[in-house]
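Using the sequences and the hints, build the whole thing.
First to last, the sequence lines map onto chains A and B.
Heads up: the first sequence begins at 43 in the working numbering, then just goes up one per residue.
Heads up: the second sequence begins at 43 in the working numbering, then just goes up one per residue.
Hints listed in this document are in silico derivations from the structure and should not be mistaken for laboratory results.
There's no promise every hint is true.
[What the hints assert, rightly or not] Now the in silico label distances, taken between C-beta atoms and shown as ranges: (1) 375/B <-> 99/A: 42 to 50 angstroms; (2) 373/B <-> 67/A: 50 to 58 angstroms; (3) 236/A <-> 332/B: 32 to 40 angstroms; (4) 311/B <-> 86/A: 41 to 49 angstroms; (5) 162/A <-> 396/B: 52 to 60 angstroms; (6) 255/A <-> 126/B: 35 to 43 angstroms; (7) 189/A <-> 261/B: 54 to 62 angstroms; (8) 105/A <-> 116/B: 36 to 44 angstroms; (9) 180/A <-> 136/B: 27 to 35 angstroms; (10) 189/A <-> 315/B: 37 to 45 angstroms; (11) 67/A <-> 259/B: 32 to 40 angstroms; (12) 429/B <-> 82/A: 37 to 45 angstroms; (13) 479/B <-> 102/A: 45 to 53 angstroms.
[Said to hold, decoys possible] What the simulated footprint calls covered on chain B by chain A, stretch by stretch (three residues with Cβ under 8 angstroms from a Cβ of chain A suffice, anywhere in the stretch; the number is not a length): (14) 134-141; (15) 300-306; (16) 366-375.
For every residue, glycine included, the Cβ atom is placed at its ideal position computed from N, Cα and C.
Residue strings, one per chain:
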Amino acid sequence: MAKKLLLLASLLLSGAALADQPVEDDGFTQPLKDLKFNAGLDQREFERSTWQALNVYDPLESWNRRVYHFNYRVDEWVLLPVVNGYRYVTPSFVRTGVSNFFSNLGDVPNLLNSLLQLKGKRALQTTGRLLVNTTVGIAGLWDPATHWGMPKQSEDFGQTLGFYGVPAGPYLMLPLLGPSNVRDTSGLVVDFGAEGQINYLNMSELSSEHPEITVLRGIDKRYTTNLRYGQLNSPFEYEKIRYVYTEARKLQIAE
Amino acid sequence: MAPRRTHHGHYPRETAMLRLRCLAAVLLGGLLYGASALADDIDKATYGFPLTNPFEATIATTPPDLRPALPTDEDIDQSDYTLRLRPEREFILPDNFWPVKQLRYRLAQQDHPAPLIFIIAGTGAPYSSSLAEYLKKLFYGAGYHVVQLSSPTSYDFMAAASRHATPGISTEDADDLYRVMQAVRAQHPKLPITDFYLTGYSLGALDAAFVSKLDETRRSFNFKRVLLLNPPVNLYTSVTNLDRLVQTQVKGIDNTTTFYDMVLGKLTRYFQQKGYIDLNDALLFDFQSSRQRLSDEQMAMLIGTSFRFSAADITFTSDLINRRGLIIPPAYPVSEGTSLTPFFRRALQCDFDCYMSEQLIPHWRKVSKGGSLTQLVDQVSLYALEDYLRSSRKIAVMHNADDVILGPGDLGFLRRTLGPRLIVYPYGGHCGNLNYRVNSDAMLEFFRG
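Structure below.
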């Protein structure tokens, strides 16, 4: 209490000292001058918002946190060094080609899920992308469709489920794959199964004969994913990733 | 590409050149202004920076096509390295802090002898933050070796490098930084370095000033030039301003809609109207020209929010390492599976002012045998270096007239102290114009000499 009083007194004193000597015009434009502030400066909206944001349904938190640390270590010790090696041995145009190729394959589930959600325009655009990129783009190695005004629009089965009102369910940190929830994990399984059935460009069959294709796809996936564990540099990174993932999925479903 | 300067070993000639240059500056200044020591004020009309709103500039920074050309990551020979500076922390810190038991930094090296520049990140920011990355690319492209360092207020630095893990006392923070810089130098004995340079942005600029001062006595680097980008002048003014930003009257929030809900709602509607999600550098500009644009109060709240997260991290980490028991009980068992959310909830109630009064000031009183808040503020702000800044010609400051971390009189202090070594830009908010081509040219020009 005494400390608080002392602080207050020194604050008042410094305030008085400031008020005594008029401040010269030094070119400062006082950006905070025109903002409307709450009179008491104690609205606690930051606290309220953030507390609410921490309420993500996470009954498996203890397990999830262990997986988070596991993923972090695998990333540091295996995946990122592999990606760096990949970056080192391949020229940039090759990597772009690889990314485009797998991205083109990914347009098949995008199309299916757009159809399932009855999003006609999106389904048409994605069909256009598949046609153009598979032919003009030579089996998807190039992505001319994006330049022709048909941007990639991701739709997965998790989003389709969400679109029809299936709740997210418990938050899940998947080994190697990262943040998810029960709904999106089942979506992942369905998308994977569908891909095997459709066997677009004969890829699923080839992949089972040549596991190196799956490995390359994994490397490309890590290469194109921007998430880096530790990037947020915060002791509360787990909570922040959880919130961002949850909200990002909501946004993708709503859009 | 080598930097366009030559390096003579002849000290007297250097001084003579310097004198000549100063004389020229004084004469030129006298001719232009009729006074000898005026800051370089950039004119609004000729400056050409498009974001005249300080909050927009702070959040979005420069539009992509007005940024300088930079080398890509592929063109840069760079790696992250670790330093083991505080081995005792490996026992003090619980297991789930394993990633920050050693300090990381990033070094980008040229394949030829070159000057090395240290970059110190701003409040709470790690060496890999986007502004530090940007500055690295800029200086690397101009032919420098570059070392990126985390801020003494960042989680990793506090855990792995800081002796007291109670950041805010500028001299102590500079001391910690100096040890890190010496360790970096020692880790690369074969790197051919011709000269040392130093820069920092935001709080990192204040740190750079104190590091430069320390170097005058320790002499490990003899920095040739030191550039402070948007430094706080009075640290207490700056943190008070930042704390206040989350107290703006924000429209669109009520009992069921929090501030984040409101912002995310706007973003969702924006993407729905656009028809697809496209995350890129131009997104923010497009968003701010859409119907969903954020008001000044909302943007201020957003900036304030990001700083409050830094304050929460500092509060928690300082408490944990020093076992003060304000946020987390000192003997609380923590393993990799332990939820830290209850402590996050507690820590995020503490803003910078709270951190100062609950942790920094008590710590400072203990180590410096008492003293008032005013004394502390004088000691940790740029005021403490007034004479040094005035007399040391190697230091320059770039600042903005609409920077939210400044208070009335702060620019006046810089003008009086630095004279022509201060450049004041009319716009840019807090660090929003660092990646504007006019600013990047001025930075390179300064280091070129």
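TODO: Kindly indicate which numbered hints from before are broken by the structure, ordering the numbers from low to high.
DONE: Numbers 1, 4, 9, 10, 16 - these are the hints that the structure violates, sorted from lowest upward.
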